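J.: One letter stands for each residue in the lines below.
4 protein chains.
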Amino acid sequence: MSARKLKVGCAGLGRMGKRHALNFLQRTPRADLVAVSTPDDSELEWAKANLAPYGVTAYKNYEDMLKHEGLEAVVVASATAVHAEQAIKAIEAGKNVLCEKPLSTSVEISQTVLDAAAKKPELKVMCGFSRRFDASYRDAFNKMSAGGIGAPAVMRSQTCDKLDPTGFFVAYAEFSGGIFVDCSIHDIDLALWFFGQDSKVKSVSAVGITAVEPDLRKHNDRDNAVGLVEFHNGKIAYFYASRMMAAGQEDTTEIIGTKGKLAVNTQPALNLVNIFDENGVRREIPQHYYDRFEYAFVTEANEFTACCLENTPVPLKLEGAVQAVRIGAALQESLITGEKIFFDDAGQRIPKARL
Amino acid sequence: MSARKLKVGCAGLGRMGKRHALNFLQRTPRADLVAVSTPDDSELEWAKANLAPYGVTAYKNYEDMLKHEGLEAVVVASATAVHAEQAIKAIEAGKNVLCEKPLSTSVEISQTVLDAAAKKPELKVMCGFSRRFDASYRDAFNKMSAGGIGAPAVMRSQTCDKLDPTGFFVAYAEFSGGIFVDCSIHDIDLALWFFGQDSKVKSVSAVGITAVEPDLRKHNDRDNAVGLVEFHNGKIAYFYASRMMAAGQEDTTEIIGTKGKLAVNTQPALNLVNIFDENGVRREIPQHYYDRFEYAFVTEANEFTACCLENTPVPLKLEGAVQAVRIGAALQESLITGEKIFFDDAGQRIPKARL
Amino acid sequence: MSARKLKVGCAGLGRMGKRHALNFLQRTPRADLVAVSTPDDSELEWAKANLAPYGVTAYKNYEDMLKHEGLEAVVVASATAVHAEQAIKAIEAGKNVLCEKPLSTSVEISQTVLDAAAKKPELKVMCGFSRRFDASYRDAFNKMSAGGIGAPAVMRSQTCDKLDPTGFFVAYAEFSGGIFVDCSIHDIDLALWFFGQDSKVKSVSAVGITAVEPDLRKHNDRDNAVGLVEFHNGKIAYFYASRMMAAGQEDTTEIIGTKGKLAVNTQPALNLVNIFDENGVRREIPQHYYDRFEYAFVTEANEFTACCLENTPVPLKLEGAVQAVRIGAALQESLITGEKIFFDDAGQRIPKARL
Amino acid sequence: MSARKLKVGCAGLGRMGKRHALNFLQRTPRADLVAVSTPDDSELEWAKANLAPYGVTAYKNYEDMLKHEGLEAVVVASATAVHAEQAIKAIEAGKNVLCEKPLSTSVEISQTVLDAAAKKPELKVMCGFSRRFDASYRDAFNKMSAGGIGAPAVMRSQTCDKLDPTGFFVAYAEFSGGIFVDCSIHDIDLALWFFGQDSKVKSVSAVGITAVEPDLRKHNDRDNAVGLVEFHNGKIAYFYASRMMAAGQEDTTEIIGTKGKLAVNTQPALNLVNIFDENGVRREIPQHYYDRFEYAFVTEANEFTACCLENTPVPLKLEGAVQAVRIGAALQESLITGEKIFFDDAGQRIPKARL
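Sequence order for the protein chains is A, B, C and D. Using full-length UniProt numbering, the first residue of the first sequence is number 1, and each one after it goes up by one. Using full-length UniProt numbering, the first residue of the second sequence is number 1, and each one after it goes up by one. Using full-length UniProt numbering, the first residue of the third sequence is number 1, and each one after it goes up by one. Using full-length UniProt numbering, the first residue of the fourth sequence is number 1, and each one after it goes up by one.
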């Protein structure tokens, strides 16, 4: 292990940006956070108070940060709308890139990041699907790969948020790409991981409702949605996404094989405490995705750093990020139109007339 | 409580018939099992050994049993193919009827039982959906009805059998009506129970695979299937059925409401024993549906008996049994054709051309 | 299986007596409840309303019931103070006896029942330790016997009641023999069952407090107590008993062996429902011992009946009931005096002076 | 938050020393690991490979490390036999000290560390009881402190190691102080934490066996032991320690109060994966204490560092470490002699003759 450290910059200091910045500053021993950028003044204030004492330079302008002396890698943790643009600029500037998911809510724009990366094969470019770095999902994947459940055949996976009573997610829906692109994208990525990245979609169909936020319909979105995905390799996945969980974040996955099943987080728990009182036996559960996946993000930062320093392949292929958006967008379309959508085994959509 | 007992006959002494006969003989204090019928000689032998000592008369012919002196009620526990016919004959003979599910795999034939029952409103005629009598499902229903989860919006429910390595279910698929009619019928009935018996289906879609038994395709069936059902009242249900569980029977249900969730059997357990050994912590789970629902069948026998003796309404409406078959059959059709099926709010199917 | 039924009488119709009477009347197919006895008028009223319609004769006088035509067996479910006397009278009258635990809170009086039974070896005389008939404990015992945990070495077991806010148990403590004789007697019996009925006690020590009911001290009792028991065969058991559980009845047991551990009810649950709401994930648990052990009592009734009809040995030896009281009484003494008590391997207490 | 970092040295690079060194190097952002010391050549080699590249100086001699330029704090993670001596030397040299538990297996020697610390009140001196830094224990403590279980009355706590088939712990027993001092010390510390650091012991008694390692008797030790501790404030704690768990590390605690119970880790789990296969439902559990408490050690390092930098009190008093050894040693004595030991409320042992 070399003691050389990777010089990292972080674009965006919103909720997730702050976490990435601190993770690279404090919990990634082989990285040096050297720079951050944000157009937001209050975020710049935060950087001044929390990062500057450790020698981190804050830029108001992203392009200026890219020119930071010795910068080797960029974490793109800004608004989704600028993910692709910032990622491409970083790639063109010769920086390794860790981009928050999704690359874009648009398949076409996501593809432009791949195209840019293809021209710089020496760079590490990774889209951060946090569950790939979670210890439980990895354990499940390893057990499946070792044959513990026979051949995987069916996946059930859900990403369900605790209800945010401020209704923030209604405004957010205007830009999120919809519940399948925003939430289920993780579950779709899991299906591609567990079933094989080359799994080709055969059909998608979806239904949804607005049980708590009818206003979501203005943005062609729903607060509860269920989607079915059929793959040409004879596997099926079904997804549930919700914005109205009462107890907390409930992200659970089951992988059902011909000889067994692996269940991840079907019995959620915040910690190891059980409370026995007049209401029975109770435990608390994580409230938000970061409560659940905090250490996955730390692992992600450390592994991305190691790949850059040691020039090893990143653990998930960039192509997968485009595939996931493609499936998510098709589910979202089916959710809104009510129609089932079919694809041939070359990945081409089959026109309705041909069905 | 009167000490008068209901005189009951049981048609069919196959696996489930034997259980019904013994439940009415031994575990239904207010009933007297007085007669049984079966065309099968080995089953008659079993009756001779196990029921005759208690004064139960065994008939080879169903019609003869119907004429048994004083017979008041009939449990139809024969092959599905004759459920409707035997139920109708019993109704016409003035007997109360508890019919195993389904009335028939055909919607039309199921309806003929309703028609027969409508002519004898004084009789109790019930189709036995065992989960309606299970203590856990009832507790969940009561908690939901008391407002504990706000307004119910989404149901996830699955009926998953342990893999039967004899492949019995392949031959059985010829007559079963398919995996949605045979297995998911229970989940569909639960949706109608929890969402309201008057819930009207808006659309169904389904996908499925043959992960372990390709031969099922000969009978237009699958060994794993997922179905989506959308109701006109803005609720959705999604179902999973499987024939290949490794650990045992896994029948689980979640009812998700605007203020909470009720989960039934998402942590299955055979009993209260946990085994700690070099493999970790382990518990066994029920192997077959009767391991799981034995006491529900006992409760069913006792409640049906009480309704007959006290002339009170049976706890579930016969109409529901037809509704459930209608939805199950539509899901099965969608599973095979791959097409989503739509219904208007009068319950009429919307022709594809009109979509 | 013969259709002959065992004619059973039940002495005492208090809370537990009613349950035994109904279990033998309705849930023990091979038994006929023919008679009951109680000196209590309101209990006689209850019998008139609930048992008389089924042909059960109610006696005010126990001795009269013993003379009931054809009576073959007696369930002694009266107050503990008369258990031994009634059991002995029944034995002397040639009846089989199922006696509620304990035979007596006194070792000496308990022994008189054994002496009486020894003179009538043809009779079945059993002291009802309900956990011996519980499916989970039996499963654990079978798994241990099959070698699943190597050699059993340590047992932890607890009998913990939900706090009864009426404080009934304070008055009850005058006659109960104390918390170790009343509650832990079950755990002691489990230790004798799992470690071998011939396990000889080497020492006992105990401590206790009155956390909620200081008045218990008037009766030399405590509301929380922990006891240690060392056996001459190199095994140890430790027990916890409490009167102040908030959530419900918590009777749990662990058997720790050289190669594994069996845990019974360490995750108590009333049923299979989990409630997800703003407080986290919650389940209810049994409130009282009958909620937990109802089916064990039914099994007990059926197995006792079968032993009488088929003249097979009862599943637990009567001697055990005296042993359990002996250990319980020694723990209770240690709890009050604070002194550790030692026994030689002949079972004789070692005087303090000799230590 | 200042960016100044605490300069830390680590004494000892055995299993736990390596972990401490790496935690201070990589996972304690406000600390700089500047030096380590060990007399062991292979450990020095390890330091050369793993620490030297980051600028950490390795010393063969502890006293030399104490003279390292600018050193501010020392982590004593060497063999228990030199804990006290090294801690005192560091204190005398004006360094803050984080000492691994126990200060010593001797009460008297432990006290010398307190005496040394008392002379330098400006220094932070802390004995590392890892459970005090564990998120679940802290959550339980906070819930208890907030009144969630009424008044705490009884604690059950166990420290049970997975069986080490090499029998390492037999040789180790020569120096460990015995199973109560080595293992239960954590549980004792928990009792003092939850019941109040000023809780005074009234009596202790213990029993134990050698179920798997009879050779432990040579060192006056046992492989399974149960101890009872009674406090003068009317609370009781009981402890179980074992060296022969089959499934893994099983450190569990229950705090029982007058209105509820808090259970920590009574359902151990390595992660969030459940495996369903032909053996039922299974999960893995942590194998060793570091699997279970890794993040507690990281938190400990960070909090100790913050206390040193900000001159705030350390979260647990040094006196507690002596109290815990006193109770542990008394339990160990009772385990071996078989005698119960009594203390007056001034903490003085009551001679046997006076009982």
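Any given hint could turn out to be false.
Given that identical chains are not distinguished, each listed pair holds provided it fits within a single copy or across any two copies.
Said to hold, decoys possible - 27 Å max Cα-Cα, derived BS3-like pairs, lysine-lysine: (1) Lys-143 / Lys-259; (2) Lys-7 / Lys-48; (3) Lys-5 / Lys-18; (4) Lys-352 / Lys-60; (5) Lys-352 / Lys-202.
It should be emphasised that the hints constitute simulated quantities derived from the structure, not laboratory data. Note that the structure is predicted; figures quoted are calculated from it, not measured.
J.: Compare the structure with each hint and give your call.
T.: Hints, verified against the model:
1. Lys-143 / Lys-259: So Lys-143 and Lys-259 pass the 27 Å test inside a copy (12 Å) and across (24 Å) alike.
2. Lys-7 / Lys-48: For Lys-7 and Lys-48, the Cα distance is within 27 Å both inside one copy (19 Å) and across copies (25 Å).
3. Lys-5 / Lys-18: Cα proximity of Lys-5 and Lys-18: in one copy and across copies (20 Å, 21 Å).
4. Lys-352 / Lys-60: This pair counts as neither: shortest intra-copy Cα distance 49 Å, inter-copy 56 Å.
5. Lys-352 / Lys-202: both (14 Å within a copy, 21 Å between copies)
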